[in-house]
Amino acid sequence: MAPAIVTTDLAKRYGRKQALAGLSLRVEAGEIFGFLGPNGAGKTTTIRLLLGLLRPSHGTARVLDRPIGPAGTATRAEVGYLPGELSLWRGFTGWHTLRFLEQLTQRPAVDRDALLDRFGLADADLRRPIRTYSDGMKQKLGVVQALQCRPRLAFLDEPTKGLDPLVQQAFYDTLAHARSQGMTIFFSSHILSEVERVCDRVAMLRDGAIVAAGTIDSVLASQRRRVRIVFRAPTDSSAFDRFGEVLSRSDTRVELLVARTEIPELVWQLSAAAVDDLTIEPLSLEDAFLEHYR
Amino acid sequence: MTGSAGTVITLLRHAWSRHRIPLIPIALAIGLFEFLLTRLAPAPNEVNWISGLMATMPPEVRALIGNELAVTPGGFLAIGYAHPFFILLLATWVVRVSAAAVAGEVGLGTLDMLASRPAARWTLLVSGMKTVALGLAAIVGCGWAGTAIGLGLRSLDVPATGLLPVAAMAWLLFTAFGAVGLLISASRRDGGQAIGWTTAVIAASFVLDYLARLWTPIARLRPLSLFRYYEPQVILAIGVPTRAVLVLAGTLVAGLVAGLALLARRDL
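These protein sequence lines are chains A and B, in that order.
First residue of the first sequence: 1, per the numbering used here; consecutive thereafter.
First residue of the second sequence: 1, per the numbering used here; consecutive thereafter.
Isolated chain B (complex conformation) (with noise of 0.2 Å):
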């Protein structure tokens, strides 16, 4: 295959090369972080115990845990789609493999050797956005399967199904974040600048949205995080906002087109 879409591929196994490492632990962390997720879950006629427990919790955890539907078996599985843990290593996908793909190629002094190629400067960002994405597919899918497995082997009355819409939203999440880090990426001289760019937006969002849930002065200030557009336990009770749906996937567009509008105008 010739042309910009043989380029694309070629970039993509280049970023497989340097990334594949990482991805599989990632993966089965995940996955083994759901199932574990299952065996814990409280069963419907523990719900009770459960609810008990949770008023007994300060708010700040409250917080940090969801809402009521936390109580529930699905709510509790889906705690684990919003787990920190959970964040944390899609988190470390998203700034490994942004970072690398502009900033960090020419931090490495290796951007001159993809850049004198016929390879168009928006491919390098194309590709890196399609690795970020597959990678996350890769991963939220390993959750999900840890989840399914978890459930076939426990029943809790919830389908695993059901977590599906949650795993893409997951999914999407992290995809928008993954534009931002791109467009972080394409704007940086040096892979370590990026990677403490990206994890700062990451971890203010994160933050931002915990603190606007507990602390109401701020609480107008909640739609500014993206996390805010993610609520699992939300999902799996009534549903996938299409609001969600279109403020991730509108910052997901913004950032590439963002960052393909600077990776063309700048100096290599």
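Chain A on its own, in the form it takes in the complex (with noise of 0.2 Å):
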């Protein structure tokens, strides 16, 4: 099966700002991938370059197997997009809103129902305007929106912006769900919990380059272990420096980061020493994340 994403070296500078710098990628058709990074790495003018909605200032990218480009109206007819700032017209009810974007996709909401269901969204809230609507509520009608025609590849740009804790969990249930039907989705983020919660793969995204990619798993393992050791006694613990980046250091206590191959070495060389404990501790994504952009 061809890949739903593909980009190669692809750019977009505005000016003197390059939004993004020749950012290559293959998203997997039937995966969620997770597409990190901070504001302004980039995220954003990623999904509306793939969108057709931007012009690459180099580079390419095709989606659904398709050259992205404004042309692309094929591609967009099978792909769904929560933007990260949403905007609907808010003298519109829900309803209105729903149905409209249904007819400009040209697919029947063949999913709007067990969304509006999943997400509490009923008939009375869609029958008032939008600028009634709470910044949850109108969040939850994106999602609906952007999922009600089961596309076949989605962008939701931080998807769960607004929505609280219970909503949060239908979210991830519908993301599931999604997935379940061959769904790929594209879930952009600056909420690590998430991320690691419901994609495959990811790729982090700094200053529009990517600084890591790959399985969850695999960015983990990429990364340094927290070590911490405690002595039994004052030690002089600077023999350990070289393992790694010393955190924290006092007589009996050391805190490092270590890279993952160096593990056997340390513990082989704390075989000699007096350890009263010893911590080795994976780290999680946000640990990754930050130690990308500290």
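Since the hints were derived computationally from the structure, they do not count as laboratory data.
In this text, a Cβ means the ideal position worked out from N, Cα and C, and glycines have one as well.
Since no wrong hints were added, every one of them can be taken at face value.
Examples of chain B residues toward chain A, derived with CB under 10 Å:
(1) Arg18
(2) Gly109
(3) Leu114
(4) Ala264
Over 12 Å on every C-beta distance to chain B, these chain A residues come out as not near it, computed from the model:
(5) Asp65
(6) Asp125
(7) Thr215
(8) Arg228
Both chains are given apart, each in its own frame, so use the hints to dock them into the complex.
Next up, the structure:
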């Protein structure tokens, strides 16, 4: 099966500002792909390039095996999109908005009722103008409009913004259900815990370039471990400095960041020391993220 | 209906949802205005009296009202199709709809919701053009209906159908301004900017035509104004000048084509 997204050296420049610098990535069909990065890293620019809303300054991309660009209507017929800064027509009701966007998509909203039910959007809510909606309700409506026509590929930019924890759970269930139907989801976020929870693979973006990519396990495996050593008595721990970066040190303890490949050698070295306690923590995605953006 | 035709219809309905509320009062106001003019117009036996009144007016006012044809009942009614009130209401519609079509959606942040769908960019502009044109047809049609009803109630020896070419040219003039407005809208990132620029273009065109009629040194510039090609009293007297139709239709097509080319190439 052809990959859902392939980009090669994709770049976007706004005047002097390089928003995206040579992005090359591949998103397989049917996977949930986490796209991580702080604000301004280029996540939204990437999505808008892939949708054909922006023109690349350099490079190429294919979405659903077709080249990207303003003329890509066939591609966009099979794509759902939730913008990071969701704006809807304030005077329209929820029903009007969903039906209008369904008509524009030119595919029946086969999943609309199930999504409305899952997110607790009642008929009475949908009859009200959107100007009366809370931010959370608008975001729920945004998720529904993105997925209602069962797209092959959904771009979700910060989808849980404004959703309460219960609704977030409903959202994660929705993603699991979508994946079971074979939908590909391009999931942009800076909430690491949810990415770790729902995504198959991730890419981390910094200043418009990818700094880490792969399965979550492989990204974590490539990160350094946090090692805490507590000695029984005051010890000169400088001998361990060569294993990694010292985070903190006292007479009886030292905390280091150590590459995974160095761990066996470190443990061997410690066997000769008077160690009272040893903790080797796997890094969370959040730690990995912070390490890349510190 | 699917494909681009279906998209244009969907976008037309969308525009109708956004603009229908102001359309109704504008059309009714124009209809009432043209109807009132049939009550105020001089009867055939009052023409001499009106001619005398016109002669006392300063040239600035006479330039605004029109030529000597204005003293006839038909000429007086034609004034209603070039009156600043009439111009203002049609311009309001043109500016509102054309600015909203692209720049307004960008400014609201809603263009992403449209452009991320299988809607070709040209459908945004074409549906905007159709909304401008259909709305203008409704507004101008109401104006003509006001004239026709008035003439039905008060005989001025002027057939209402005689004013149809005037109404048609008013429609063509403002549809041409609509195309210019859509070109501006396609180039802007905010509805306010598009409103400002389109208003400025229409106002500048109106003022240029007015001043060029008054002030000989700039008379040569008058052809640069689209209002030069819309003279209701001349249309009523001698018919629709072919050159005027060509210039207005040419502006319409050129504005639309330029807008389409610009929109196809820009970042949204």
